[in-house]
Amino acid sequence: MIAGVAVLCVLSLAAPPSAAQAPAYRAPRTANGKPELSGIWQALNTADWDLEGQAAAAGPVPSLGAVFAKPPGLGVVEGGEIPYLPAMAAKKKEHQANWVKLDPEVKCYLPGVPRATYLPYPFQIVQSQNTILISYEYAGAVRIINMGAPTKAPADSWMGWSNGHWEGETLVVDVTSQNEDTWFDRSGNFHSDALHVVERYTPRSADTLNYEATIEDPKIFSRPWKISMPLYRRVEKNVRLLEYKCPEFAEELLYGPLRKKSSN
Amino acid sequence: MIRRSLVSTTTLAAMIAVLLIAQAPAAGQVQSPATKAAPPKATPAGGKSWTPPRTPDGKPDLQGVWTNNTVTPLERPKELAGKEFYTEAEMQALAKQERERLAQVEDEGQPPANHSGVEGAPADDVHYDFSQFGLDRGQAKLAWNRRTSIIVGPQGTVPPLTPDARKRLAEIRAKAKGHEFDGPENLPLGARCLARPNVGPPLLPSAYNSNLQIVQGAGYVAIETEMIHDVRIIPTDGRPHIPESIHQWYGDSVGHWEDNTLVIDTTNFTELTPFKGAQNLHVIERLTLADEDTILYQFTVEDPGMWTKPWSGELPITKIDGQLYEYACHEANSPLANTLRGARVAEERAANKSAK
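Residue numbers (my numbering), protein chains in the order written: chain A, 1 to 264; chain B, 1001 to 1356.
Just so you know, the hints here were simulated from the structure itself, not pulled from any lab data.
Built from N, CA and C at the ideal position, the CB exists for glycine as well.
Incorrect hints may appear among the rest.
Said to hold, decoys possible - Simulated crosslink set (DSS-like; lysine-lysine; CA at most 30 angstroms straight-line):
{"hint": "1", "chain 1": "A", "residue 1": "Lys34", "chain 2": "B", "residue 2": "Lys1319"}
{"hint": "2", "chain 1": "A", "residue 1": "Lys34", "chain 2": "B", "residue 2": "Lys1059"}
{"hint": "3", "chain 1": "A", "residue 1": "Lys261", "chain 2": "B", "residue 2": "Lys1177"}
{"hint": "4", "chain 1": "A", "residue 1": "Lys152", "chain 2": "A", "residue 2": "Lys226"}
{"hint": "5", "chain 1": "A", "residue 1": "Lys260", "chain 2": "B", "residue 2": "Lys1167"}
{"hint": "6", "chain 1": "B", "residue 1": "Lys1177", "chain 2": "A", "residue 2": "Lys260"}
{"hint": "7", "chain 1": "A", "residue 1": "Lys260", "chain 2": "B", "residue 2": "Lys1356"}
{"hint": "8", "chain 1": "B", "residue 1": "Lys1175", "chain 2": "A", "residue 2": "Lys261"}
{"hint": "9", "chain 1": "A", "residue 1": "Lys260", "chain 2": "B", "residue 2": "Lys1175"}
{"hint": "10", "chain 1": "B", "residue 1": "Lys1276", "chain 2": "A", "residue 2": "Lys260"}
Said to hold, decoys possible - Listed next, the stretches of chain B that the computed footprint assigns to chain A, with coverage defined by at least 3 CB atoms under 8 angstroms from CB atoms of chain A:
{"hint": "11", "stretch": "1190 to 1198"}
{"hint": "12", "stretch": "1222 to 1231"}
{"hint": "13", "stretch": "1234 to 1240"}
{"hint": "14", "stretch": "1248 to 1257"}
{"hint": "15", "stretch": "1335 to 1346"}
Stated by the list, open to error - If you only want the chain B side, here are some residues facing chain A, beta carbon under 10 angstroms, derived:
{"hint": "16", "residue": "Glu1075"}
{"hint": "17", "residue": "Glu1185"}
{"hint": "18", "residue": "Gln1216"}
{"hint": "19", "residue": "Asp1321"}
{"hint": "20", "residue": "Gln1323"}
{"hint": "21", "residue": "Tyr1325"}
{"hint": "22", "residue": "Ala1328"}
{"hint": "23", "residue": "Ala1355"}
Required output: the full structure, derived from the provided sequences and hints.
Below you can see the structure in the form of structure tokens.
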């Protein structure tokens, strides 16, 4: 058994990373020879509702009826379950019970990584040699991925600090220094400021990418865990990312009680 | 005692001095052909033969982190009417003045005078010293140029409003009067973290954090403005504007390359555009790499319903070291809540007083 593991290790060290994942597909290249990931992409799943998957259920606003009810989904967590430390599992349940009140998405706060990827909005990758910019339609969130020598975050932030590199066909992004105020989904799955995310974007066809994120946070989880999903290119003619400046839509919720009472 | 950590006065003075020597002639080189009154080019270096660096796909490489921080006002001050450019000596005097202003702000143990705006409040009631956090515009790199106003031409001012626009804006003001703090929607767009006038387009300097980053990918140029993490992704692949019926705070930008210049055309603004409340705003911007550290930024805005004629401006955008910081505005917008809360408290007090 141990020998077997050792052999596997040697194999994975020896084989080029691209061969280890055996992608059948080779993406078109940028002018400097890297896989071209530029484009407008979107997840097509229910990960933002619940990473672990769920049966359909009524939504939080009865008057909306079938609109904004919870859609069913199979989940995107490898192995099915998120390995919470026992005390943290309780906190997650508390979040879930108070979802509408506590979820930063409801308030239009910046989403953090990886949630930004699978929110039900498109995002655009603008790929350059030393810098990859990802602009998310939701809340106008943005991150800059540094493709040069890795650098350290000057401060914690909502969208974190991203250092990227290429492993064959795959863009690997190491994300640190996210604050503790973002969630993973509308089911209260959460993390601390010790969150470390490693994302892998691998082209799998002209119009799809494989997206994987390994999530590590020893304050919250008993071990690292992984989500994976395909991302789809928005292929509509003339497709564009549009403005979704949602602070305006959260104003009644956040500031309504501070509004001047009508005098009559 | 407050220790300013970001830039010491001495460093700043040295920096400005260097900038003056290095930048002023450069600014001389980057005047648009339209500005015939441009001062003569001071150095032969960086003349017409200069070719800008290219991206791997052969486009001029505008990428990097930049600032359009400037002391040049948008409109020309009255006392400078008819004078489009400072002389070299006047520029130096201006820089000296800027240094002295900052030195004064930075004097230790001198909290600024009453900044709270509340009559009779003690001077230290609200401590509001931008330089303490490195946010005074004089503490960051300045894109010097010899223009007396960003707006070009002999007038150097925004042309007069049309009678219709005057009427419309007066009505909006009258309607807003007395309701400035009724609810979040009555407050300025910037205070609501929705949009800022500096993002434009046109891109204009803001009081601080006038920083932007440009990233170029295949068929797109992205311009991220630090405040409020706003990204304009400008297609240069011939994509048309979005449908006329869709309006956005920052409009819709499409671009194309003309030799070394990125030309951006922006339409589809909302009726409440942050830019001076123009309803049918159309903006054309031109970004030209003038030297490795300078983009000449030129713009023309028009809205026949708003102004009696189109107007144009230009200013240098200069390269800076470092990166943009995340300006998460809405996520910690306690000023908005506090403003509304304060207004409710004031109303309650007034009601109690009149009930007595």
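Each hint, compared with the structure:
Only pairs whose Cα atoms come within 30 angstroms are accepted, and A:Lys34 paired with B:Lys1319 is accepted, the gap being roughly 27 angstroms. In summary, the hint linking A:Lys34 to B:Lys1059 is supported, as the alpha carbons are separated by about 18 angstroms, within the 30 angstroms threshold. The straight-line distance between the Cα atoms of A:Lys261 and B:Lys1177 is roughly 17 angstroms, inside the 30 angstroms bound, and the hint therefore holds. For the hint pairing A:Lys152 with A:Lys226, the CA-to-CA distance comes to about 24 angstroms; that is within 30 angstroms, so the pair holds.
Restraint check: the Cα-Cα separation between A:Lys260 and B:Lys1167 comes to about 28 angstroms, which is no more than 30 angstroms; the hinted pair holds. With a CA separation close to 14 angstroms, the supplied pair B:Lys1177 and A:Lys260 stays within the 30 angstroms bound. For the given pair, A:Lys260 sits about 22 angstroms from B:Lys1356 by alpha-carbon distance, which is consistent with the 30 angstroms threshold. The straight-line distance between the Cα atoms of B:Lys1175 and A:Lys261 is roughly 18 angstroms, inside the 30 angstroms bound, and the hint therefore holds.
For the hint pairing A:Lys260 with B:Lys1175, the CA-to-CA distance comes to about 16 angstroms; that is within 30 angstroms, so the pair holds. The suggested pairing of B:Lys1276 with A:Lys260 holds, with an alpha-carbon distance near 27 angstroms, which does not exceed 30 angstroms. With 4 residues carrying a beta carbon less than 8 angstroms from a beta carbon of chain A, the stretch 1190 to 1198 of chain B meets the three-residue requirement, and the given coverage holds. Look at the stretch 1222 to 1231 of chain B against chain A: 6 of its residues bring a Cβ nearer than 8 angstroms to a Cβ of that chain, three or more, so the hint holds.
Restraint check on the stretch 1234 to 1240 of chain B versus chain A: 3 residues with Cβ-Cβ distances below 8 angstroms, three needed, restraint holds. Figure legend: the stretch 1248 to 1257 of chain B, annotated as covered by chain A; annotation consistent (4 residues with Cβ-Cβ distances under 8 angstroms, at least 3 required). By the rule of at least three residues with a Cβ nearer than 8 angstroms to a Cβ of chain A, the coverage given for the stretch 1335 to 1346 of chain B holds, with 6 such residues. Violation of the interface hint for B:Glu1075 is found here, the shortest Cβ-Cβ separation to chain A being roughly 29 angstroms, above the 10 angstroms cut-off.
Among the interface hints, the one on B:Glu1185 holds; its C-beta lies about 7 angstroms from the nearest C-beta in chain A, closer than the 10 angstroms criterion. With its C-beta approaching chain A no nearer than about 6 angstroms, B:Gln1216 sits inside the 10 angstroms limit, and its interface hint holds. About 12 angstroms separates the beta-carbon of B:Asp1321 from the nearest beta-carbon of chain A, more than 10 angstroms, and the hint is not met. A cut of 10 angstroms between beta carbons decides the hint on B:Gln1323: the least distance to chain A is about 7 angstroms, and the hint holds.
Evaluation of the B:Tyr1325 hint against chain A yields a held restraint, the C-beta minimum of about 7 angstroms falling below 10 angstroms. A least Cβ separation of about 5 angstroms between B:Ala1328 and chain A falls short of the 10 angstroms threshold, and the interface hint therefore holds. Taken as an interface hint, B:Ala1355 does not check out: its beta carbon lies about 14 angstroms from the nearest beta carbon of chain A, beyond 10 angstroms.
Checked against the numbered hints given earlier, this structure breaks hints 16, 19, 23; the rest are met.
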